[in-house]
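Once you have looked at the hints, place chain F with the ligands on chain H.
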Amino acid sequence: MGVNIGKIIRGENQVTYLVQVENSLEGKPGPAPEDCAFGNYVKVISSDAPARVLVGLVIDSALVDRDSLRAGPRLAPDFESMNVLFPDFVDERIKVVRIFLIGSIDGKATSHDFPGVTPKLGDVVVKMADAEIKGFHLVGGQFKVGYYSQAMQIRSPFTMPLMIRVFDRLGKLFPDQVELLALLKSNLEYALKMQGGFSQ
Amino acid sequence: MTVPKEQPVGRIKGPGETTYEFTFITSCKDKVKISEYLYYTWKDGAGVERKVVARVTGVEQIRMYPDPMLANPAIDPAAVAGVIDYSPQGMDLYQVTAQVVGYFKDQAFKFVNPRVSPTPGSAIYLATKQDLSEWLSSKKVNEPGGAFIGTLLNRPGEDIPVVLDVKAFVSTHLAVLAATGQGKSYTVGDIIEEMMGPRNKAAVLVLDPHDEYGTMKEVESRPEFSGKSYTPVVKLFRPDDIRVRFSELAISELLHILQGISDKMTSVLREAIHAARKVTPNFTVQDVLNALSKLKTGGNESSVEGVIWRIHEFIMSRALIDDAKHIHLQDVLRPGQLSIFNLSQIEEDDQQVIVSVFLHRILRSRITAMRKGAKPSDMDALDYPVFIVLEEGHRFAPASDESRSKRILKTILSEGRKFGVGVCIVSQRPGKLDSDVLSQCMTQIIMKMINPVDQQNIKNSVEGISADLIEELPGLTRGQAVVIGEAINTPVLIQIRSRQTKHGGSSIDAVKEWEDKWAPARQIDVEHYKDDEPLK
Ligand SMILES: Nc1ncnc2c1ncn2[C@@H]1O[C@H](COP(=O)(O)OP(=O)(O)OP(=O)(O)O)[C@@H](O)[C@H]1O
Ligand SMILES: [Mg+2]
Numbered sequence: 104m105g106v107n108i109g110k111i112i113r114g115e116n117q118v119t120y121l122v123q124v125e126n127s128l129e130g131k132p133g134p135a136p137e138d139c140a141f142g143n144y145v146k147v148i149s150s151d152a153p154a155r156v157l158v159g160l161v162i163d164s165a166l167v168d169r170d171s172l173r174a175g176p177r178l179a180p181d182f183e184s185m186n187v188l189f190p191d192f193v194d195e196r197i198k199v200v201r202i203f204l205i206g207s208i209d210g211k212a213t214s215h216d217f218p219g220v221t222p223k224l225g226d227v228v229v230k231m232a233d234a235e236i237k238g239f240h241l242v243g244g245q246f247k248v249g250y251y252s253q254a255m256q257i258r259s260p261f262t263m264p265l266m267i268r269v270f271d272r273l274g275k276l277f278p279d280q281v282e283l284l285a286l287l288k289s290n291l292e293y294a295l296k297m298q299g300g301f302s303q
Numbered sequence: 099m100t101v102p103k104e105q106p107v108g109r110i111k112g113p114g115e116t117t118y119e120f121t122f123i124t125s126c127k128d129k130v131k132i133s134e135y136l137y138y139t140w141k142d143g144a145g146v147e148r149k150v151v152a153r154v155t156g157v158e159q160i161r162m163y164p165d166p167m168l169a170n171p172a173i174d175p176a177a178v179a180g181v182i183d184y185s186p187q188g189m190d191l192y193q194v195t196a197q198v199v200g201y202f203k204d205q206a207f208k209f210v211n212p213r214v215s216p217t218p219g220s221a222i223y224l225a226t227k228q229d230l231s232e233w234l235s236s237k238k239v240n241e242p243g244g245a246f247i248g249t250l251l252n253r254p255g256e257d258i259p260v261v262l263d264v265k266a267f268v269s270t271h272l273a274v275l276a277a278t279g280q281g282k283s284y285t286v287g288d289i290i291e292e293m294m295g296p297r298n299k300a301a302v303l304v305l306d307p308h309d310e311y312g313t314m315k316e317v318e319s320r321p322e323f324s325g326k327s328y329t330p331v332v333k334l335f336r337p338d339d340i341r342v343r344f345s346e347l348a349i350s351e352l353l354h355i356l357q358g359i360s361d362k363m364t365s366v367l368r369e370a371i372h373a374a375r376k377v378t379p380n381f382t383v384q385d386v387l388n389a390l391s392k393l394k395t396g397g398n399e400s401s402v403e404g405v406i407w408r409i410h411e412f413i414m415s416r417a418l419i420d421d422a423k424h425i426h427l428q429d430v431l432r433p434g435q436l437s438i439f440n441l442s443q444i445e446e447d448d449q450q451v452i453v454s455v456f457l458h459r460i461l462r463s464r465i466t467a468m469r470k471g472a473k474p475s476d477m478d479a480l481d482y483p484v485f486i487v488l489e490e491g492h493r494f495a496p497a498s499d500e501s502r503s504k505r506i507l508k509t510i511l512s513e514g515r516k517f518g519v520g521v522c523i524v525s526q527r528p529g530k531l532d533s534d535v536l537s538q539c540m541t542q543i544i545m546k547m548i549n550p551v552d553q554q555n556i557k558n559s560v561e562g563i564s565a566d567l568i569e570e571l572p573g574l575t576r577g578q579a580v581v582i583g584e585a586i587n588t589p590v591l592i593q594i595r596s597r598q599t600k601h602g603g604s605s606i607d608a609v610k611e612w613e614d615k616w617a618p619a620r621q622i623d624v625e626h627y628k629d630d631e632p633l634k
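Line by line, the protein sequences are chains H and F.
Residues 104 to 303 in the numbering used here are what the first sequence lists, from first letter to last.
Residues 99 to 634 in the numbering used here are what the second sequence lists, from first letter to last.
Pulled out of the complex, with its shape left as it was, chain F reads as follows:
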């Protein structure tokens, strides 16, 4: 294979500070931007000429105007340089640091590092559109298993697609991180669109605390999401539809709900539930209360009373927990169906219960299905992998304390791979997100982020994110993102693609609403105040 020669953009100077870095000199500032992809050629052991790909991580101007030449703002330093007979064209000289990505072997091996630093003096070229389209994403646009989410930011005119590998992020999880309002939900919408089309037919559940995903109902009716015999289904679960059956609650969840419960109370509760479950697995609250009454013997009275009082206070008064109503998992998760749990009017505490209960059930169902196979009659059996989108991830897996949902989330993230439960965690405060949770997500889409605590947590938890990419974060604008991890061959800076469906999470235009709602003030009844007694 001979590599076609384009016009070089620079010449290699020598090795950089770290093993995989090198530096080169260029005068083409406009072409060699941060995060741009370049290559040099190298003959491997077998004498095959390879294009070794490198990514620009730093650009430093090596010639610059002396400070005093910039002293008068009214005078162009180029004019001063001209007068002392120096052509300012020569000023444009840069030393660029680049990180070797490797040569692209094939989609299975992806990038292989040559483990030899490039020869000083050799030429370096800009990667072509064709190269990049082949190298960056393991899937092509419109290929089954791919999710087209945007184009390479540095090549706006060339439309080089960036396509995530759906299999990779479903099995090793995805994190979408950015400061508020930077386009997380919008981007997740793009991903869901890609997953719901005929090429992927995914089983997706969105836990939507802000009612932002309801607009995705459109997916059902728009032709671009349908195939020959395929039409996706979108199910919206309103807050009133979402119920957790009492008998589904794990003991640990019950203990969380029944606040301030003592050890002794815990033990009588366990005993009562055990007794109730013996009679029927779908026991009711009343069954447990009855069982408790029977335990009122000896010195147990006060503990039993305590548990009964708490069940009345924290369970029977909660609409969320119901004896009979039950959502079958197959109603929520099946291939080609997008389910959206609208949690918007549900209290945060109840949201935690919902997330925790459903994650538990889903994982349990997947484990059973994989170990024992799914019974066709069992409406709770999930005989296929599933993907769950969790907005406000920092609330469900906070760094600081134990929330109900954090433990199960951690379990799913570390073991979900084996059982086909993929999670997409969305968070505006990665600094407040549990760092184990973050580091278990092997693909990241990161948008504008200014907060240093958030950046630090990303730096610590995201594998392979280099300092130069962290430095990019504050400078990104809405719709631009860094994508890194398993679902992509090498980190990329992208422009997120436009949504096909309407985005439901637009920011409120306060001024416009005030304008629309404004009406002349009512006349204040001054007389009314006159009768009031004067203040003393």
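The following block holds chain H by itself, in its conformation from the complex:
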């Protein structure tokens, strides 16, 4: 199915979680940068209830170098040689993405309601395929972006670019909704570019 992105390593609140992106050490290639790109749809699969997945959006990312916080002089200051000598050192430099939960899919039923159940630490996060994204946006047969207003509540400078991206993406998946999505998008673009870009 989809590409594994990583595992949940931390929950910040009911709807935002940090996912440590898999690296390529465990024999498999890790996800490509585009797989865990900003605005991607992901699903969280819980080992407890595999039939129900939580759906989220990648809303942020961060790179962490655990070493950079370590005090004291390094044995070998040269990065290139470090990689050769201690391959697991790379592991110390990880990528995390933040996801925002927007709904769930339970069997065939999709919901854009505020998620009540939460993922567990270690739950696997997988990139969703186009067909799954399409299915997720048909609630009871109706096209919906029911999480729009909830998403707009995220306190982040990236909320508007996030939703603009979402609308672009959905426009490609639902060509008959392009005009309506364009209306929603233009509202955000005005707010972002005209109101945010010029101070009165």
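In case anyone wonders, no lab produced these hints; they're calculated from the structure.
Just so you know, nobody snuck in bad clues.
Sample of chain H residues with no beta-carbon within 10 Å of chain F, all distances over it, derived: (1) 105; (2) 112; (3) 117; (4) 121; (5) 131; (6) 133; (7) 163; (8) 168; (9) 210; (10) 238; (11) 259; (12) 263; (13) 274; (14) 276; (15) 278.
One-sided and incomplete, this derived list gives chain F residues near chain H with beta-carbon spacing under 8 Å: (16) 166; (17) 169; (18) 170; (19) 172; (20) 173; (21) 177; (22) 178; (23) 181; (24) 182; (25) 183.
Glycine residues also receive a C-beta, built at the ideal position from the N, C-alpha and C atoms.
Frame of chain H; chain F with the ligands shown alone:
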């Protein structure tokens, strides 16, 4: 008394901006229209549950689509709302402002204000047909003393009658105001129909400058206006029938007619009339001329000459003023008779004289009859109240200058109540109507009016007209009216009822007449022009 509970249409939010206003929240937009009547229940001091009536004065949508959702005309905002998972049904929420009218005590007390604002959260109901039929009009349809003029506009299916109290508007006067062609004369026709029937048997005189009321002759022959032994009489006075006897003219009227008269001339004229009247009260013009000749002494010659010249110029040349012909007031005004003075071919100046002279005579006659009683032999005595309809009111009582008729009209309006002379003033330009005159009319029927000057004068002169009713005026269509004042229990918005008699004042259909009268053009005689000299 327990009040039956219907389905509430809203819940009270709290007090409004003014003392008698409150606001409530509703989702029933279609039921709660401007000027609709509602009620909430309230226990008075004695523990009696009352229906407190309120009238809707403003409706404001409190939830609405954000502007950007309306940005693309091809897209229904409801669809956008649906996509972001908001049910547009929830959009229909309104805050309504209502004005407390009071609880209806009985027809004598009408509405009594509870003087307590309603409890927030309590339910508000739509007034029922039965309630409204009882509350709005103090008279019922077909009840003596009532004039059924239309039905409540907001309840088209329910036919809730609106009936004016004839006694009230006859004693405190009526004004019918609207822009031209909006149905003033039509409505006055309705009122006259109601007054001429067997239930009211009124004494009515219409001063009709446009010959619009002649069709009301039908009233005589149609069965609906007759009773057991009663049949109304309709008398049409043609322009040639209408004469004013010279000796009837008051000095002030004479001075108006004799233009450019000096103080000295005035004094010799007074003297001559005085002398003539001593001989006979029905003196003639010649009597006055004779008396004047006798005054030609000392330095008076030129003044006397001036008066004589003016009498020839302005009185003897006027067909209206006659020595002998006289219309007895009892021929014009008697119960069960409608008289129509057709003033249509009479010059405006003469119309003024007629209005002024007849109003004077009527008032004088009523005062005498009430103070001293009427002599049965006196054909000018009016031993009963009368009602006079004056079309083109702004001409007879203009705001700007003194017309002959304005002073007497003002007197009648302020004192007519005591003497039983009721007036209905009809005007298409309330802005040009004297505001004292307008404010003395205690019942108003107002139809479509767009002109802001007219609206302003109504606002200033009509007691109890609220801003929301003024705002209704431009939006009314023909046949719809605001009725306010003494003859009704509370202001109402009505649909004027259809006439039983034919209306005589239909607008001219120019295009149809052109079509009917059109004929091929005559051949122009070109040769004729050839002979003319060329223009230089
Ligand atoms: N309630 C009504 N129902 C049906 N027709 C009406 C009604 N009121 C007025 N009309 C029609 O509208 C036209 C104008 O009405 P009307 O002559 O009463 O206007 P008006 O206000 O007196 O005009 P004006 O200022 O010229 O005197 C007439 O043809 C009349 O038949
Ligand atoms: Mg008219």
